[in-house]
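Letter by letter, the chains look like this.
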Amino acid sequence: MTGLLDETAHRILAADDPWPALEEAGLTLVGVPEGAGGSGGGLEDAAVLLRAAGYHGAAVPLAETGWLAGRLLAAAGLGVPAGPLTVAVPGAGGRLRRVPWARSARRIVVLADGAVTVVDRAGVEVAEGANVAGEPRDEVVLVSVSGESAPAPVPPEELWRWGALARAVQLTGAMRRALDLAVRHAGEREQFGRPIGRFQAVQHLLAEAAGEVVVADVAVRAAVRAPDDPLAVAAAKAGASRAAGVVASVAHQVHGAMGVTEEHPLRTVTLRLWSWREEFGDEHHWAAEAGRLLGDRDPWVALTETGIVTGE
Amino acid sequence: MATSPEPGALPELEPGTLPPDAGALRGRVREFLAGQDFTPRCDSWLTGADPAFSRRLAERGWLGMTLPPRYGGHGRSPLERFVVIEELLAAGAPVAAHWIADRQTGPSIAAHGSEGLKRRFLPAITRGECFFAIGMSEPDAGSDLASVRTRAERVAGGWRLHGTKIWSSGAHLAHTILVLARSAPADGDRHAGLSQFVVPLPGEGVTVRPIRGLAGEHHFNEVVFDGAFVPEDLLLGEPGDGWRQVTAELAYERSGPERLLSTFPLVRLLAERAATPAERRAAGGLLARLWALRQASLGVAGALARGRAPDIPAALVKDMGTRFEREVIEVVRAHSPVEPDPASPDPLARALAEAVVQSPGFTLRGGTNEILRGIVARGLGVR
Chain A
1 MTGLLDETAH
11 RILAADDPWP
21 ALEEAGLTLV
31 GVPEGAGGSG
41 GGLEDAAVLL
51 RAAGYHGAAV
61 PLAETGWLAG
71 RLLAAAGLGV
81 PAGPLTVAVP
91 GAGGRLRRVP
101 WARSARRIVV
111 LADGAVTVVD
121 RAGVEVAEGA
131 NVAGEPRDEV
141 VLVSVSGESA
151 PAPVPPEELW
161 RWGALARAVQ
171 LTGAMRRALD
181 LAVRHAGERE
191 QFGRPIGRFQ
201 AVQHLLAEAA
211 GEVVVADVAV
221 RAAVRAPDDP
231 LAVAAAKAGA
241 SRAAGVVASV
251 AHQVHGAMGV
261 TEEHPLRTVT
271 LRLWSWREEF
281 GDEHHWAAEA
291 GRLLGDRDPW
301 VALTETGIVT
311 GE
Chain B
1 MATSPEPGAL
11 PELEPGTLPP
21 DAGALRGRVR
31 EFLAGQDFTP
41 RCDSWLTGAD
51 PAFSRRLAER
61 GWLGMTLPPR
71 YGGHGRSPLE
81 RFVVIEELLA
91 AGAPVAAHWI
101 ADRQTGPSIA
111 AHGSEGLKRR
121 FLPAITRGEC
131 FFAIGMSEPD
141 AGSDLASVRT
151 RAERVAGGWR
161 LHGTKIWSSG
171 AHLAHTILVL
181 ARSAPADGDR
191 HAGLSQFVVP
201 LPGEGVTVRP
211 IRGLAGEHHF
221 NEVVFDGAFV
231 PEDLLLGEPG
241 DGWRQVTAEL
251 AYERSGPERL
261 LSTFPLVRLL
271 AERAATPAER
281 RAAGGLLARL
291 WALRQASLGV
301 AGALARGRAP
311 DIPAALVKDM
321 GTRFEREVIE
331 VVRAHSPVEP
341 DPASPDPLAR
351 ALAEAVVQSP
361 GFTLRGGTNE
371 ILRGIVARGL
381 GVR
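So the protein sequences, as listed, match chains A and B.
Going left to right, the first sequence walks through residues 1 to 312 as the numbering used here numbers them.
Going left to right, the second sequence walks through residues 1 to 383 as the numbering used here numbers them.
So here's chain A without its partners, still in its complex pose (with noise of 0.2 angstroms):
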């Protein structure tokens, strides 16, 4: 069943403009009660799903849609609409700033003062932004709040925490493919009469950069079987965002010059190592997250606390 999504997630996120193919095939609301007007299926197949949106760099509010605002209105008892969405949640000064695809989202969820508030788009201002990958990043200004709304069903910091999970698995897609470019030009570029690859000092830096995919990979697939551990979410993402900056930089080395440009596949993958590691909390916000929530405990027995599921 993973292997069949996986393989259609893959094909679709492939190609140029995906979301109409997404929404045809159901596959934005994975991980969203089918009672709440979602498509059913678990974390983990929505997880499939970002991973694979990562790894083609695809321009999607895939992660705002059903991960953040679709499960966040399935929890307050809210119906499903259709079309892109996104949330926003009140920083300083009560400003909703870099509110993730406000521009293309339908309808923007709202959650403040302990309340969960679907709004229309065309009833709010977009001012414009974006991260380094190009990826709208907007402030949003309400006009007139008028939707339907229920009480929070969690806070902030809680919604904020499944932001950072879900930018973990795209990192981990994202990292995965910079691997596989860098990987790839070394057996094709030859220099000195040889592909590079064939050189100890880049098979190394290779070796270096799988290492550090495949620990946070594991890791956040590890996290994503126990979303509810504070623990292990804080460890997912300060893992994903400290090694997103090793392979990034790998990767470019590997492709030297002929990486660093705009044609030139890597940047849609590496720019969003860039955004994603920090986004939600990069790897320092969680290590001092870790450290709130290891409190007075021995770090052993914390540790084996958190995020292991015991088999039947």
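Careful, some of the hints might be misleading.
Stated by the list, open to error - Cβ pair distances, simulated, as ranges:
no., chain 1, residue 1, chain 2, residue 2, range
1, A, Phe-199, B, Ser-147, 20 to 30 angstroms
2, A, Met-258, B, Ala-24, 53 to 63 angstroms
3, B, Arg-308, A, Glu-34, 35 to 45 angstroms
4, A, Asp-298, B, Pro-277, 46 to 56 angstroms
5, B, Ser-147, A, Glu-158, 53 to 63 angstroms
6, A, Gly-114, B, Thr-368, 52 to 62 angstroms
7, B, Gly-23, A, Gly-256, 45 to 55 angstroms
8, B, Gly-23, A, Glu-44, 22 to 32 angstroms
9, A, Gly-256, B, Thr-368, 20 to 30 angstroms
Unchecked claim - Just a sample of chain A residues kept apart from chain B, beta carbon distances all over 12 angstroms, derived:
no., residue
10, Ala-92
11, Gly-94
12, Ala-112
13, Asp-113
14, Gly-114
15, Ala-243
16, His-252
17, Gln-253
18, Ala-302
No lab work stands behind these hints: they were computed from the structure.
From the three backbone atoms N, C-alpha and C, an ideal C-beta is built for every residue, glycine too.
Position chain B against the provided structure of chain A, taking the given hints into account.
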């Protein structure tokens, strides 16, 4: 542009799943440890040998856990063993005496040994009465293990060994050493013609001499074989199977939690003393790293338990884990103005001294990180 990931280039690790009784088992190990009198130390699986402690573990059924019951083993899963050994390592318990026998020699004899070998050694390993040393490296064969020069000469009723093994940890305490030797000429295939022999210690024609470590400590040894006789029934498996056996052994050797936890006592001390936000963040950062690495180590253990041979992930995890062990030292140094001192009454100063002095070995033993990266590169298809 790729439409989907290129298959096979880099294996994915599934998160490990612990057995249902893991929590209860963990609780029993902790209860046992709380009643034991030992000083926690870094790198206790290499430098903390205490045969009496090993036998107390054996009494609890925590040696030879995965060995078959018909040979005295406990028939438990590798993941149950994982739980027990990670608890022992995190506590800095003195587990070095039995470590090699329990981790690799026992499983190797169970997998490749004759009925006689299994009957003779597996029950004794499980009782904590037979400790093993490794006889792989030599003065002229380290990373290039297939170039070993120790010779096994065919004689009536068995073999005679000629050669020198080094870095044999604990050989001065061990009852046996498993020796990799050339039993036939390479004939173009250097991995052919190698065999492994179980050699009792002490023994005629075998000399064990200490090789002292950086701080003068004794755990390494040189073991010289001067025509030592090995009866036929102490050959492991068939002649010529040695290379296949050692590579399988290395998968066990490389993937365990001892490749992440050698400096865990330092993490614990840092966390205990963390007072400022910066110190708490540092402790949290190490905890987060360790959490991820442990998931990876468990993922490899799970693959091994399912009968896979995850040599590439095992190499990756060891490379990452051993570098983390060393990073712990740097983070502790950055947040604790303590000088390493092996004789200090302060446990942190002592643990720091143990960790610093042993740290070069973290990224050498069981295959240097450069060798490991070569294995990974081959897996990626660039080598």
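Check the structure against each numbered hint from earlier and tell me which ones fail, lowest number first.
4, 15, 18
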